[in-house]
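Here the structure of chain L is known, so what remains is to put chain E in place on it, guided by the hints.
Chains as they are written, first to last, in the working numbering: chain L, 1 to 462; chain E, 1 to 462.
Keep in mind the hints are simulated off the structure, nothing from the lab. Keep in mind it's a predicted model, so treat the numbers as computed, not measured. Careful, some of the hints might be misleading.
Each pair may be met inside one copy or between any two copies, as identical chains are not told apart.
What the hints assert, rightly or not - Only pairs whose alpha carbons sit at most 30 Å apart, straight line, appear in this in silico BS3-like list of lysine-lysine:
hint	residue 1	residue 2
1	Lys-166	Lys-148
2	Lys-86	Lys-188
3	Lys-426	Lys-132
4	Lys-28	Lys-166
5	Lys-47	Lys-356
6	Lys-153	Lys-33
7	Lys-20	Lys-284
8	Lys-148	Lys-188
9	Lys-153	Lys-188
10	Lys-114	Lys-129
11	Lys-33	Lys-166
12	Lys-26	Lys-86
13	Lys-122	Lys-188
14	Lys-86	Lys-114
15	Lys-129	Lys-225
Number of protein chains: 2
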Amino acid sequence: MEYEELMQLLDEILALLQSKNFREIKVKLNELKPQDTALLLEELPEKDMPLVFRLLSKENAAETFVEMSYDSQEMLLNIFSDAELKAVFDEMFVDDTVDIIEEMPANVVKRIIKQSDAETRKQINEILKYPKDSAGTIMTVEYVSLRKHWTVKECFDRIRKIAVDKETIYSCYVTDDKRKLIGKVTVKDLLLHDYDTPISEFMETDVICAETTDDKEFVAQQMSKYDLSALPVVDGENRIVGIVTYDDILDVIEQEATEDITKMAAVTPSTDTYMEQSVWQIWKNRIPWLLILMISATFTGLIINTFETRLNSLSPLLFACIPMLMDTGGNAGSQASVTVIRGLALDEIRPRDVLKVLWKEIRVSVLLAACLSVACFAKLYLLDGLAFGFDYKWYICLVVSIALFVTVVIAKIVGCLMPILAKVCKLDPAVVASPFITTIVDALSLMIFCLISTSVLPPFLS
Amino acid sequence: MEYEELMQLLDEILALLQSKNFREIKVKLNELKPQDTALLLEELPEKDMPLVFRLLSKENAAETFVEMSYDSQEMLLNIFSDAELKAVFDEMFVDDTVDIIEEMPANVVKRIIKQSDAETRKQINEILKYPKDSAGTIMTVEYVSLRKHWTVKECFDRIRKIAVDKETIYSCYVTDDKRKLIGKVTVKDLLLHDYDTPISEFMETDVICAETTDDKEFVAQQMSKYDLSALPVVDGENRIVGIVTYDDILDVIEQEATEDITKMAAVTPSTDTYMEQSVWQIWKNRIPWLLILMISATFTGLIINTFETRLNSLSPLLFACIPMLMDTGGNAGSQASVTVIRGLALDEIRPRDVLKVLWKEIRVSVLLAACLSVACFAKLYLLDGLAFGFDYKWYICLVVSIALFVTVVIAKIVGCLMPILAKVCKLDPAVVASPFITTIVDALSLMIFCLISTSVLPPFLS
Numbered sequence: 001m002e003y004e005e006l007m008q009l010l011d012e013i014l015a016l017l018q019s020k021n022f023r024e025i026k027v028k029l030n031e032l033k034p035q036d037t038a039l040l041l042e043e044l045p046e047k048d049m050p051l052v053f054r055l056l057s058k059e060n061a062a063e064t065f066v067e068m069s070y071d072s073q074e075m076l077l078n079i080f081s082d083a084e085l086k087a088v089f090d091e092m093f094v095d096d097t098v099d100i101i102e103e104m105p106a107n108v109v110k111r112i113i114k115q116s117d118a119e120t121r122k123q124i125n126e127i128l129k130y131p132k133d134s135a136g137t138i139m140t141v142e143y144v145s146l147r148k149h150w151t152v153k154e155c156f157d158r159i160r161k162i163a164v165d166k167e168t169i170y171s172c173y174v175t176d177d178k179r180k181l182i183g184k185v186t187v188k189d190l191l192l193h194d195y196d197t198p199i200s201e202f203m204e205t206d207v208i209c210a211e212t213t214d215d216k217e218f219v220a221q222q223m224s225k226y227d228l229s230a231l232p233v234v235d236g237e238n239r240i241v242g243i244v245t246y247d248d249i250l251d252v253i254e255q256e257a258t259e260d261i262t263k264m265a266a267v268t269p270s271t272d273t274y275m276e277q278s279v280w281q282i283w284k285n286r287i288p289w290l291l292i293l294m295i296s297a298t299f300t301g302l303i304i305n306t307f308e309t310r311l312n313s314l315s316p317l318l319f320a321c322i323p324m325l326m327d328t329g330g331n332a333g334s335q336a337s338v339t340v341i342r343g344l345a346l347d348e349i350r351p352r353d354v355l356k357v358l359w360k361e362i363r364v365s366v367l368l369a370a371c372l373s374v375a376c377f378a379k380l381y382l383l384d385g386l387a388f389g390f391d392y393k394w395y396i397c398l399v400v401s402i403a404l405f406v407t408v409v410i411a412k413i414v415g416c417l418m419p420i421l422a423k424v425c426k427l428d429p430a431v432v433a434s435p436f437i438t439t440i441v442d443a444l445s446l447m448i449f450c451l452i453s454t455s456v457l458p459p460f461l462s
Numbered sequence: 001m002e003y004e005e006l007m008q009l010l011d012e013i014l015a016l017l018q019s020k021n022f023r024e025i026k027v028k029l030n031e032l033k034p035q036d037t038a039l040l041l042e043e044l045p046e047k048d049m050p051l052v053f054r055l056l057s058k059e060n061a062a063e064t065f066v067e068m069s070y071d072s073q074e075m076l077l078n079i080f081s082d083a084e085l086k087a088v089f090d091e092m093f094v095d096d097t098v099d100i101i102e103e104m105p106a107n108v109v110k111r112i113i114k115q116s117d118a119e120t121r122k123q124i125n126e127i128l129k130y131p132k133d134s135a136g137t138i139m140t141v142e143y144v145s146l147r148k149h150w151t152v153k154e155c156f157d158r159i160r161k162i163a164v165d166k167e168t169i170y171s172c173y174v175t176d177d178k179r180k181l182i183g184k185v186t187v188k189d190l191l192l193h194d195y196d197t198p199i200s201e202f203m204e205t206d207v208i209c210a211e212t213t214d215d216k217e218f219v220a221q222q223m224s225k226y227d228l229s230a231l232p233v234v235d236g237e238n239r240i241v242g243i244v245t246y247d248d249i250l251d252v253i254e255q256e257a258t259e260d261i262t263k264m265a266a267v268t269p270s271t272d273t274y275m276e277q278s279v280w281q282i283w284k285n286r287i288p289w290l291l292i293l294m295i296s297a298t299f300t301g302l303i304i305n306t307f308e309t310r311l312n313s314l315s316p317l318l319f320a321c322i323p324m325l326m327d328t329g330g331n332a333g334s335q336a337s338v339t340v341i342r343g344l345a346l347d348e349i350r351p352r353d354v355l356k357v358l359w360k361e362i363r364v365s366v367l368l369a370a371c372l373s374v375a376c377f378a379k380l381y382l383l384d385g386l387a388f389g390f391d392y393k394w395y396i397c398l399v400v401s402i403a404l405f406v407t408v409v410i411a412k413i414v415g416c417l418m419p420i421l422a423k424v425c426k427l428d429p430a431v432v433a434s435p436f437i438t439t440i441v442d443a444l445s446l447m448i449f450c451l452i453s454t455s456v457l458p459p460f461l462s
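One chain only, chain L, in its complex shape (with noise of 0.2 Å):
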């Protein structure tokens, strides 16, 4: 449903409410599909947003309120009574309740925890205990397990016997009595099988899995480079403990991608969104940064007072070249780090390629720095000097194009190094970028400009 919709249908819900005419509003709403109810209930005036969300059937309640802002939930728990919260959570997969209960106050998981029934509860404790971001914590602990002897028609008997509750039954996994994963069957097996035929004939043992304790991101790189929907998660005996499906899958490729794209600008990722966040929260995601890298440009600051005097006895207009080369240095130098930060991300270039990355760079380098370095005689000479009247001798040009050659080298140099390097110390690649580069590149690049300027002019002008 298209955001436009969504707002008419809001105004519609809003005119339905001022008349009180409740049963139209359930009409309307059990029309909807779980994520475009969460939107609207979103957009609700926060007095109206309860006795909104209690018009929902059943089963839509518990699927619109995982869709929601944990804030939106928070203040739901808040004023639901016992038996209203047990039946939401009753209805939800476990996974799920586990999402929301990371986020919830203490005094909130703790009636959480009270309404769900022992082996929920089981199951909770076990899932909060993985490690963040791991293959646990994201796995959902309601999956189809098979035994090998079983033919066809078994295994459709338990599906169909199971799989109201199951989030996903494509895939079903085989298991031995110590529900040690031994195979893998899907329905699509299942169904190109005689009946009669027993799994063991068909069923894949070389099963693709990962361990509870598995970064979250390891589980995606599988998933994707094998075209999987589902990818069972095993504990260190090898038992089957739970599955992780695509569409989590899909949050966590996101999820990377933007915690990468707001580390390269120097901002602390949050796992909240934007729009959720407080002034303070995105205050205190982005102060540190700023500060650390302001106070590294004490060195630039160094390099400008310690050469000063001497620029300007040779000539004065070589300090309106800083910011262009200072500038030049920090993109060349971000665009080689960024390409770097993302293909080590994706795995397409591994730290043992680190040879072939510099070979490469050091080439594009030098034929990017031969096109800017004439690039900028000209515009000095031509637009600076002949255009706008400053006098830009031919010497001082020259000095400024060369130090911009250097400068563009070392820049990309620097810029696809520094990310293999972190990768290789450990340290996150994507931390290290832009920012940081720029702030190293800036003071190596205003030393090549201060010390080439000085032993090469001086001849010139005596």
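This is chain E only, laid out in the frame that chain L set:
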């Protein structure tokens, strides 16, 4: 399979090649998943690769071929006999064939088309007609369609009969006599109902679908939002022409994120990976942006040249603060812009939220600016002044701090507004990101600094 294991296997296969033990290579290869076989083949010396490829079983050959890089595919196609080519493409899904055709030179395409049967050729031509990056180009034409008067048993019979050739069978689409899409049933639904129930009794009639010309990013958003494993694609008259499956969407989501990241770093995106691109291609994707950005730095040069003499007469130390000011402004701006760009891409921020975003950024920026100004004052006065011995008078520190405050606030405002403005003007928000915003913020911050210095400082110095 881990990369290290794969490299070990590679060594084994190279040894087996030496001893011409092809039978053993065959055994080893047919144990692998096609994705790993493809990786392995790419690592082999060019002369051995076709030989090893020919050892693959017929079905494995096609699946492996699909997973290889376009360069390797082209190389193989050039040495394949017509029969070999036909064998590989006959086993392939049409959407994969089209992907390959789009990347191959004309003579290779001609051979592929020539070896296809009439039906496939028609399907290929249909898909090739859809606009670039549209739903039509990523869909598969192999799907299961059912009729609404059929019973569950009839549906299962149908699925059993055709499942082998279909990419996914779990979402089946119900069509009328004119192939119009009227409903959807999943295999799970079928399993949960009795054999003699007509599917019209339980089929979902409100089916989320895309049109062939919709952007693939829109398809990805829909599937991710509604947690769908497949989405039907219809033509202008609501006739189903194909489906998009979740594995295609995983690729789309990763590609879109890579494209956005690449554009933010001022590089023209490419569909090839970094390792696949030649030095010239990389150069071509980077040089225009570096040139544009370098030329646009003319403004900063002009500003410095204009104010130089006056700044120098006030205090030569002022120049040393320019890089810090410009960098901090640039960093502050790209923090805001990148966050907003990602929010827009994930549909978490909409253009109509512009005032909310602006108000949030203004509050955040004032908080950030206050912190940074105080830190900047302290750094200049204590570190650069007292520790390093430069003569930073308190009023110079104050002027720099004030300029920093204004710069940070303006940088944040420009940073959050530009992407939204781009979106409204139907431009790509990612393209206006960091580097362009940095250039604008650079010029503005420099202007602010020069104006504040020259208007505030003179009374103190006279």
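Output the numbers, in ascending order, of every earlier hint that fails for this structure. 7
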